[in-house]
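Based on the sequences and whatever the hints tell you, model everything.
Residue numbers (our numbering): 19 to 536.
In short, the hints are calculated from the structure, not lab data.
Since this is a predicted model, take the numbers as computed values, not measurements.
Certain hints may be false.
Here are the simulated SDA-like cross-link-like pairs (lysine to any residue), alpha carbons at most 20 Å apart as the crow flies [to be verified]:
no. : residue 1 : residue 2
1   : K157      : E88
2   : K299      : S389
3   : K157      : G102
4   : K84       : G155
5   : K157      : P138
6   : K84       : G107
7   : K157      : F211
8   : K390      : S326
9   : K157      : E199
10  : K299      : E199
11  : K299      : F211
12  : K390      : R454
13  : K390      : R304
14  : K157      : E79
15  : K390      : D286
16  : K84       : L110
17  : K299      : S326
18  : K84       : D194
19  : K423      : R454
20  : K390      : D290
21  : K299      : E362
22  : K84       : S95
23  : K390      : E88
24  : K299      : G360
25  : K84       : F211
26  : K390      : K423
27  : K299      : K157
28  : K157      : E215
29  : K84       : N285
30  : K423      : V477
31  : K423      : Y532
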Amino acid sequence: MNRSPLAGHSHHWADYGQEDRENVMFRRQFLKTLAVGAAAISPLAQKSWALTSTGLLSPIELAVTKRSIEVNGRSASVFGLVQGNGRSGLVLDAEDGFNVLLSNTSDEATLIHWHGLTPPWEMDGVPDNPAALLAAGEKRHYRFDLAGGGTHWMHAHTLQEQSLLAAPLIVRTAEDRARDEQDVVILLHDFSFRSPEELLAELQQGSAMGGGHGGQMPMDHGSMMSNMAQMHGGGMPMGGMAMGGMGMGGMGMMDLNDIEYDAYLANDRTLDDPEIVQVEKGGRVRLRIINGATATAFTIDTGSVVGSLAAVDGMAIEPVTGTRFPISMGQRLDIVLQLPPGPESLPILALREGSEEQTGVILATADASISKVATRAPSAGPVLDLALEAMLEATSPLDERPATKTYPLILSGSMTGYSWGISGDAMAVNPDERVRIVMRNMSMMAHPMHLHGHHFQVVGINGQRIRGAVRDTVHVPPMAEVAIEFDANNPGRWPFHCHHLYHMAAGMMSFVSYNRAI
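Written out as C-alpha cells, the structure is:
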C-alpha cells in the first residue's frame with residue numbers, strides 16, 4: 019500500500035518499507051529546487067553518460083536559461099529552454115534520433131523530463147531517479163533513438179515547471195515533412211507572480227484563492243464505492259459526474275480549480291497582446307497544442323472553422339471532427355484546420371475549465387482585419403469529461419493479447435490538508451509483460467495521470483471495454499474509472515503520477531518498477 023508521508027508529519031521513518039522510503043526520498047528531492055549546487059551524478063548515470071557521449075557528432079545545444087517576459091503590464095522573471103540560436107524548444111527529425119547537449123545557464127539546479135518520449139530510464143529527467151539534478155553551469159549529453167514523430171514537450175520535474183521551465187518538443191517524420199500543412203505550435207500555461215513554493219504552502223494551509231469550494235466530500239470509501247456503482251449501473255453518461263457540469267450542480271462538492279492564477283498564457287502571451295500567426299488563404303494548418311499548465315485544464319475552441327483531431331499525445335488516431343476539444347494538464351492535441359479561401363482572422367482559444375478566463379493565439383491572413391479578443395469569455399469553459407476519450411480510436415493500437423498483470427489503483431485525496439495519493443499494490447512488472455492498470459478516482463478533483471517511459475492504450479471507461487487511443491496522459495474525472503494497458507518494454511523505475519503539479523508534490527505519485535537489475 020502506497021502512503022503519502024508528506025501529507026503529514028506524524029509518521030516515523032522506521033514505519034515504512036524500502037519502497038516507501040524511496041518514495042519519501044524522491045518526493046523530498048522533488049521539493050528541493052534550489053539546494054543541490056554541484057551534485058554528483060549517480061554511478062548509474064555516470065555509466066550511461068560514458069556510453070552515450072562517445073562518437074557523437076554535432077549535438078543540438080539546448081540551454082536552461084532565465085529570461086524576462088511581460089504579463090499584465092508587469093515584468094516577470096521566468097525560466098526558458100532555448101537553442102543556441104535563441105529559439106525556444108526543439109524541432110527534431112525522427113530519423114536523426116535525440117542528440118541534445120543540455121546546459122544549465124541558470125543559477126538553480128534543475129533537470130529536464132522529455133515528456134512523450136521513451137528514453138532509457140537513466141535519461142528520463144526525474145531528479146534522483148536515477149540521475150542527479152543538473153547543477154548551475156553543468157552540461158549533460160543525451161542521445162537515444164526516437165520511436166516516431168509527434169507533438170511532445172519538455173519540462174522540469176520540479177516546482178520550477180510553474181515558472182515556465184517548459185518548451186515544445188516536436189518530432190517530425192518524413193511523412194510529416196511531406197504534408198502540405200503549416201505547423202502552429204501553441205504551449206499553454208498558467209502564470210502566477212507568486213513563487214510555486216508559496217502557492218504550495220497556501221494550498222497545504224488551506225488559504226489558497228481556489229476556484230473550488232475549498233473542501234471535499236468526506237473520504238467515506240464505502241459510500242463512494244456505492245456512488246460509483248450507481249453511476250455505472252444507473253445510466254450515468256460516460257465520464258461520470260464531470261459530464262455536462264453535473265459535478266458542480268449535481269454533487270455541489272467538486273473542486274475544479276484550486277489556484278486562481280494571475281494570467282493564462284499561450285506562447286508566453288495573454289489575449290491582451292496575443293501572438294498573431296500569419297496563415298495562407300485556403301491553407302491547411304496543423305495546430306500542435308500542448309497543455310503545459312501546472313494546474314489548469316482547458317477546452318480548445320476553433321471557432322468558425324471545424325477542426326479534425328488527428329493525434330493525441332503525439333499518437334495518431336482516427337480523425338474526429340468538431341470545434342471544441344478538451345485538453346488536461348500534460349496532454350497534447352494535433353488539430354488540422356482547412357482554412358476558408360478568403361481573408362480570415364481566426365482566434366484559437368483555450369477556455370479555462372469551469373471559469374470565464376481564456377487565452378489563445380490568432381491565425382490571420384495578410385489582409386485580414388484583426389479584432390481584439392477579451393481575456394474573459396461570455397460563459398465558463400466546459401467541465402472536462404470522458405465523452406471524447408470514449409470516441410477515440412488509435413490508428414496503431416496495441417496488438418491483441420491478454421494482460422498478464424492487473425493493478426487496481428485508488429486515486430484519493432482532499433483539499434482539507436491538501437493530501438493526495440495513489441493507493442494499491444506496488445506495481446512490479448517483468449519485461450515483455452502486458453500490464454493493465456485500473457484507476458478509480460475517489461476524490462472530488464480530476465487527475466490527469468501520466469506514465470513515464472511508455473505509451474499506453476485506454477482500454478476501459480467506467481467498466482465498459484473500449485479500444486481507445488494510445489497516449490501517455492489520461493484524464494480521470496471524479497468518481498470515474500479508467501483502465502489502461504501497456505507493454506513492459508523499457509526497463510527502469512518509472513514514475514506514474516498526476517500531472518497536476520501540486521497534487522504530485524503533495525504525494526500523488528507511484529512507480530512502475532521492473533523486476534530485474536537495471
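Failing hints, ascending? Of the numbered hints, 1, 7, 8, 9, 11, 12, 13, 16, 18, 26, 27, 28 do not hold.
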